[in-house]
Structure formats: C-alpha cells, structure tokens
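J.: Sequence:
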Amino acid sequence: MINELKIWWSSVPKAQKAGLIVLAAFVAAVLVMSFGVTIGESVGKVL
0 MINELKIWWS SVPKAQKAGL IVLAAFVAAV LVMSFGVTIG ESVGKVL
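According to numbering that gives the first Met the number 0, the stretch in the sequence shown is residues 0 to 46, in order.
Quick caveat, the hints were computed from the structure, so don't treat them as lab data.
Since the model is a prediction, treat every value here as computed from it, not as a measurement.
Incorrect hints may have been included.
Here are the in silico distance ranges between beta carbons for each label pair [to be verified]:
{"no.": "1", "residue 1": "Ala24", "residue 2": "Asn2", "range": "20 to 26 Å"}
{"no.": "2", "residue 1": "Ala28", "residue 2": "Lys5", "range": "21 to 27 Å"}
{"no.": "3", "residue 1": "Leu30", "residue 2": "Ile1", "range": "19 to 25 Å"}
{"no.": "4", "residue 1": "Trp7", "residue 2": "Ala27", "range": "18 to 24 Å"}
{"no.": "5", "residue 1": "Ile20", "residue 2": "Ser41", "range": "29 to 35 Å"}
{"no.": "6", "residue 1": "Trp7", "residue 2": "Ile38", "range": "32 to 38 Å"}
Even for Gly, the Cβ is constructed at its ideal location relative to N, Cα and C.
Assemble the whole structure, with the sequences as input and the hints as a guide.
T.: Structure representation (structure tokens):
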C-alpha cells in the first residue's frame, strides 16, 4: 500500500503536489473547525 502511494506520488508533477497539499490542508482546517464547533457546543451544554 505504502509503495503504491510512493510510486504514485513520485509520478505527480511538482505544481500538482503543491495544489494537493494546499487542498489537503484546507480540508483538514475545515474538518478541525467544524469538529471544534461541535465539541464547543457539547461542552457548553455540559457546563
């Protein structure tokens, strides 16, 4: 599994890699924010 990912990654152009990294970071940020809001609301209810 890891080897296939490495082979695929080395075949991706550099510009595309930058785009993928930015996209992944953006998705992660959105998930963390929505997750944080959910946690904040449930903590608010408990307190």
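J.: Tell me, which hint numbers fail for this structure?
T.: The structure conflicts with no hint, since it agrees with every one listed earlier.
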